[in-house]
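Protein chains in written order, with numbering that gives the first Met the number 0: chain A, 0 to 93; chain B, 0 to 226.
Hint data in this document are derived by calculation from the structure and do not stem from the laboratory.
Some hints could be false.
Below 25 Å or equal to it, Euclidean Cα-Cα: the simulated DSS-like pairs (lysine-lysine) are [as the list claims (entries may be wrong)]: (1) A:Lys44 - A:Lys27; (2) A:Lys58 - B:Lys63; (3) A:Lys53 - B:Lys28; (4) A:Lys13 - A:Lys44; (5) A:Lys13 - A:Lys49; (6) B:Lys63 - A:Lys44.
Between beta-carbon pairs, the in silico distance windows are [what the hints assert, rightly or not]: (7) B:Phe33 - A:Pro26: 15 to 25 Å; (8) B:Trp27 - A:Gln6: 40 to 50 Å; (9) B:Leu150 - A:Lys85: 40 to 50 Å.
Just so you know, these numbers come straight off a predicted model, no measurement behind them.
Beta carbons are placed, not taken as given, at the ideal position from N, Cα and C, and that holds for glycine.
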Amino acid sequence: MGLSASQIPEPPKKDLPLWDVKLGELPKWVARRDISPTGVYFAFKRAELKFNNKYVHVKRGGIAPYAMMLTGYCIMSYIWSYDHIKHDMMRKHH
Amino acid sequence: MMVSLFSQFDSPWLLNIPLVLLALIMPWKLFVSFGPSWAGTRSSRLVYAVMETLMSQVMQPLNKLGFRWVVLFSSLMLMLMTLNVIGLFPYTFTPTTQLSMNLGLAVPLWLGTVVYGFRNHPVIALAHLCPEGAPNLLVPVLVVVETLSILMRPLALGLRLTANLTAGHLLMHLISSAVLGLMELSVVLSGITLLLLVFLTMLEIAVALIQGYVFAILVTLYLDENL
Numbered sequence: 000m001g002l003s004a005s006q007i008p009e010p011p012k013k014d015l016p017l018w019d020v021k022l023g024e025l026p027k028w029v030a031r032r033d034i035s036p037t038g039v040y041f042a043f044k045r046a047e048l049k050f051n052n053k054y055v056h057v058k059r060g061g062i063a064p065y066a067m068m069l070t071g072y073c074i075m076s077y078i079w080s081y082d083h084i085k086h087d088m089m090r091k092h093h
Numbered sequence: 000m001m002v003s004l005f006s007q008f009d010s011p012w013l014l015n016i017p018l019v020l021l022a023l024i025m026p027w028k029l030f031v032s033f034g035p036s037w038a039g040t041r042s043s044r045l046v047y048a049v050m051e052t053l054m055s056q057v058m059q060p061l062n063k064l065g066f067r068w069v070v071l072f073s074s075l076m077l078m079l080m081t082l083n084v085i086g087l088f089p090y091t092f093t094p095t096t097q098l099s100m101n102l103g104l105a106v107p108l109w110l111g112t113v114v115y116g117f118r119n120h121p122v123i124a125l126a127h128l129c130p131e132g133a134p135n136l137l138v139p140v141l142v143v144v145e146t147l148s149i150l151m152r153p154l155a156l157g158l159r160l161t162a163n164l165t166a167g168h169l170l171m172h173l174i175s176s177a178v179l180g181l182m183e184l185s186v187v188l189s190g191i192t193l194l195l196l197v198f199l200t201m202l203e204i205a206v207a208l209i210q211g212y213v214f215a216i217l218v219t220l221y222l223d224e225n226l
């Protein structure tokens, strides 16, 4: 809802950002983070705030945030419904 | 080969989470209203301008008492329009094709207007069951007919939205299958069918927007009778 950046708690100490974590160290990185329900919720809120501050709350915004959100939504819907739609695909072995 | 034409309306599940949940979150997350600037962003001002025009039409039948319902109606209309239009994107799920969801919206809203009317002025609400100027002999029949018509309203409201969207999606599915099937037989025929599909898509976008508007305006009319 209408949470500002100051109301969303940051992680306790500065850790590697997700982009810089090696694949093998990913489980250890996830274990170091706050994986309680509130921790996950605030992680999503931080990401949402970062996205909105970068693309939406700007003086001269464009179609970029909506295009990104809708493309991501279409891709996620495809992944979600793959088991359902693979039977309709034109391929030799179903 | 299509398993079944109607299998496109099943909500797929992944990790025990239905896709309908993601689809319902989209209108909420797509329109960001609160930000650091009091004036809002370009997109929020655009949405506000469009909604102001539409809501002035939707709220026209109502008097001052009904204006307190404007927030409910504007959010209802915006949500329905967004759900319908986003459902036209590829691979997405349209929650408003499900009768359960549309009846879940229609019945409480209609019942709210009826209970509001019967609670505040029961005599006037009952008087609406008999149209003015009707012959005395016809009054019993008319009361029964009017009662049935009032009871059918939520069903009609929900079913109208469901049927329009389901029919549109089905038609698009069928014609796109026809385009793919005809491609091997005749490219020209396939091209003509593709052109038909383009026009049908444009029609579907219009229908998606109009059905959201119609739902909201009908609830407004039902409220107007009971204010």
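**Report entry** Hint consistency between B:Lys63 and A:Lys44 [alpha-carbon to alpha-carbon, up to 25 Å]
**Finding:** 39 Å, violated
Query - Straight-line alpha-carbon gap A:Lys44 to A:Lys27, limit 25 Å - result: 23 Å, holds
Query - CB-CB spacing for A:Gln6 and B:Trp27 relative to the 40 to 50 Å hint - result: Taking Cβ atoms as reference, B:Trp27 and A:Gln6 lie about 19 Å apart, which means the hint is violated.
**Report entry** Holds or violated: A:Lys13 to A:Lys49, with C-alpha atoms at most 25 Å apart
**Finding:** 17 Å, holds
Report task. Would you mind confirming whether the straight-line C-alpha gap from A:Lys58 to B:Lys63 stays at or under 25 Å? Result -> Measuring from Cα to Cα gives roughly 36 Å; hence the hint is violated.
Query raised in the report: Does B:Lys28 lie within 25 Å of A:Lys53 when you go C-alpha to C-alpha?
Result: OK: A:Lys53 and B:Lys28 at ~15 Å, within 25 Å.
Query raised in the report: Honestly, do B:Leu150 and A:Lys85 meet the 40 to 50 Å range at C-beta?
Result: 44 Å, holds
Report task. Could you grab the alpha-carbon distance between A:Lys13 and A:Lys44 and see if it respects the 25 Å cut-off? Result -> 18 Å, holds
Report task. Check the following: the C-beta atoms of B:Phe33 and A:Pro26 are separated by a distance inside 15 to 25 Å. Result -> 36 Å, violated
In terms of the numbered hints stated before, the structure departs from hints 2, 6, 7, 8, listed from lowest to highest.
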